[in-house]
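With the hints as a guide, bring both chains together as one complex.
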Amino acid sequence: MFKTASESTIKINREKLFYELYESSFPAVARFVRKMNGNFDDAKDIFQEALVVYYEKSSIEGFVISASHEAYILGIAKHLWIRKFRKDQHVVTFSVSESEIVIPDTHNTTMNEERLLHLLEETGKKCLDLLVSFYHDNKSIKEIMNFLGYRNEHTATVQKYKCLERVRDTVKEKQLTYEDFFE
Amino acid sequence: MRTSLNEIRTIERYLQEKMTDEEKLSFEIELSENKVLQLHLGLQKKVYRLIDLYHRRFLKREVAHIHHIIFSDPAKVKFQESVRKIFKP
Numbered sequence: 001m002f003k004t005a006s007e008s009t010i011k012i013n014r015e016k017l018f019y020e021l022y023e024s025s026f027p028a029v030a031r032f033v034r035k036m037n038g039n040f041d042d043a044k045d046i047f048q049e050a051l052v053v054y055y056e057k058s059s060i061e062g063f064v065i066s067a068s069h070e071a072y073i074l075g076i077a078k079h080l081w082i083r084k085f086r087k088d089q090h091v092v093t094f095s096v097s098e099s100e101i102v103i104p105d106t107h108n109t110t111m112n113e114e115r116l117l118h119l120l121e122e123t124g125k126k127c128l129d130l131l132v133s134f135y136h137d138n139k140s141i142k143e144i145m146n147f148l149g150y151r152n153e154h155t156a157t158v159q160k161y162k163c164l165e166r167v168r169d170t171v172k173e174k175q176l177t178y179e180d181f182f183e
Numbered sequence: 001m002r003t004s005l006n007e008i009r010t011i012e013r014y015l016q017e018k019m020t021d022e023e024k025l026s027f028e029i030e031l032s033e034n035k036v037l038q039l040h041l042g043l044q045k046k047v048y049r050l051i052d053l054y055h056r057r058f059l060k061r062e063v064a065h066i067h068h069i070i071f072s073d074p075a076k077v078k079f080q081e082s083v084r085k086i087f088k089p
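The listed protein sequences derive, respectively, from chains A and B. Mapped onto full-length UniProt numbering, the consecutive letters of the first sequence carry residue numbers 1 to 183. Mapped onto full-length UniProt numbering, the consecutive letters of the second sequence carry residue numbers 1 to 89.
Worth flagging that the hints you see were computed from the coordinates, not collected in a lab. Keep in mind that the hints are not guaranteed to be accurate.
For lysine to aspartate or glutamate, the following EDC-like pairs were computed, each having C-alpha atoms within a straight-line distance of at most 16 angstroms [unchecked claim]:
(1) B:Lys-78 <-> A:Glu-23
(2) B:Lys-46 <-> B:Glu-12
(3) B:Lys-46 <-> A:Asp-169
(4) B:Lys-76 <-> A:Glu-20
From chain B, some residues computed to sit far from chain A (all C-beta separations above 10 angstroms) [stated by the list, open to error]:
(5) Ser-4
(6) Glu-12
(7) Tyr-14
(8) Glu-17
(9) Met-19
(10) Glu-22
(11) Glu-23
(12) Ser-26
(13) Glu-28
(14) Glu-33
(15) Lys-35
(16) Leu-37
(17) His-40
(18) Arg-57
(19) Ile-69
(20) Ser-82
Glycine included, each C-beta is placed from N, C-alpha and C at the ideal position.
So here's chain B without its partners, still in its complex pose (with noise of 0.2 angstroms):
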């Protein structure tokens, strides 16, 4: 594997706690001397909060269908106007 995406594979393990104490030590020192490589520690952890939004943002989607479907459906008649009778005047 290439070395940049080595270094992606150690920050994540990092990341996600799953280095050994020997391993972590040696990481931290290097990282306090590397500004490169505490800049992709930071781009990375942004990565990953872009994961966590776009699969939110599919989530989304999926209960906005949902809803669609519960609100369309005939078979569900009493549901929708018992909802609906909440907001009446």
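Here chain A stands alone, though its shape is the one from the complex (with noise of 0.2 angstroms):
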């Protein structure tokens, strides 16, 4: 990752988010697993999950809860273990800001997503990095200038469209051998 103040102070805030949550959440989602005869592991898991789809959800502008952050959390981890273990759908039971929650279908990443992910990873972590600096840390393009070393905005915009290319060349080349990513 290409390491500036405000990208770090990202990662703190999020860190201390995480570290908070883990403390308040963690104990109620682990009861609910052992619940379910869940082991730790099996609780470790399905908590992990929870919170960044929590933090994923919480991202996107309007997000409002009616409950409390730990309540919701753990209402996420319910509809994961039921995705997970389908068997446990008649005996899971939801409050109805539970019920409320919806994790997208596209919350899993198929077999072909991820080796291409993997194949990104080891020929364009930089512009994946740049490209998830623009899109989720929302850098302004004056920020990315700034850490990329870019004397202007144009250069650092044009190298933004350069990664999108590259990672969708990579994608159509792969897109014969990783046939079912496109169905």
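Encoded structure:
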């Protein structure tokens, strides 16, 4: 990853949030998993997944929840549990606010998406890091320009489009190999 | 900027709904007639999906790291025990 002051601030704040949520929300999720006859590792996996879903949802503009963050994370964990263990779908009970939580179908990755990601991590990591800075860390073109050492915003913008093109061409090249990615 | 990069920028503006009604209409007309543009639009959607997945992978690593810190910190013994107790037979 490229390192900048603002990037590390984003990272530090996020880690602080994860840390606090871990302490406040993990026990409730662990109790739920125990009730479902799961073990500590099951609880760890489901909770970590739920935390990521929560973070992604909370990053979307206009995100509001009617319950507490802890209750919301427990709700996500319940949905993820059912997705993983279909047989438990009649056993798990949801409160009204929990039942309103929607986890997108696109949450799970396909095998071929995994393969493409792996390939891109090996061959185009720098571009992926740059694109994440643009689309997820909400960096301005000016910040990107500064940390890449470009003299003007135009060059940084061009670099972003070049990276999009590079990733696109890799996807295009692999589309016949990884056919189900395009289903 | 190269023509191909301009096309990427145009597709991005379309997908992010940043076009005026007039631009959108004109883009959609071209899209209906241009097979290469249709292909590029589909591919660019996949690129954004991959960027999201890559970011998610990064978040997962971060969360796993927090777990490791909390469950190996001597100052957090009480918390560690309270969670482990839940799984005691």
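Quick rundown of the hints versus the structure:
1. B:Lys-78 <-> A:Glu-23: Distance ~11 angstroms between Lys-78 of chain B and Glu-23 of chain A Cα, so the pair holds.
2. B:Lys-46 <-> B:Glu-12: holds (12 angstroms)
3. B:Lys-46 <-> A:Asp-169: holds (11 angstroms)
4. B:Lys-76 <-> A:Glu-20: holds (13 angstroms)
5. Ser-4: Given that some Cβ of chain A is not farther than 10 angstroms from that of Ser-4 of chain B, nearest at about 6 angstroms, it is violated.
6. Glu-12: violated (7 angstroms)
7. Tyr-14: Holds: least Cβ distance 14 angstroms, greater than 10 angstroms.
8. Glu-17: With a cut-off of 10 angstroms, Glu-17 of chain B remains clear of chain A, as the shortest Cβ separation is near 13 angstroms.
9. Met-19: holds (17 angstroms)
10. Glu-22: holds (23 angstroms)
11. Glu-23: holds (18 angstroms)
12. Ser-26: The assertion about Ser-26 of chain B holds, with a minimum of 21 angstroms to chain A.
13. Glu-28: The claim stands: Glu-28 of chain B keeps its Cβ more than 10 angstroms from every Cβ of chain A (closest is about 21 angstroms).
14. Glu-33: holds (21 angstroms)
15. Lys-35: For Lys-35 of chain B, whose nearest Cβ neighbour in chain A is about 14 angstroms away, the distance exceeds 10 angstroms, so it holds.
16. Leu-37: holds (13 angstroms)
17. His-40: Answer for His-40 of chain B: violated, closest chain A Cβ roughly 7 angstroms.
18. Arg-57: The claim is violated: Arg-57 of chain B sits with its nearest Cβ about 7 angstroms from chain A, within 10 angstroms.
19. Ile-69: Contrary to the label, Ile-69 of chain B does not stay out of reach of chain A, its closest Cβ about 8 angstroms off (not over 10 angstroms).
20. Ser-82: violated (6 angstroms)
Hint violations for this structure: numbers 5, 6, 17, 18, 19, 20, all remaining hints satisfied.
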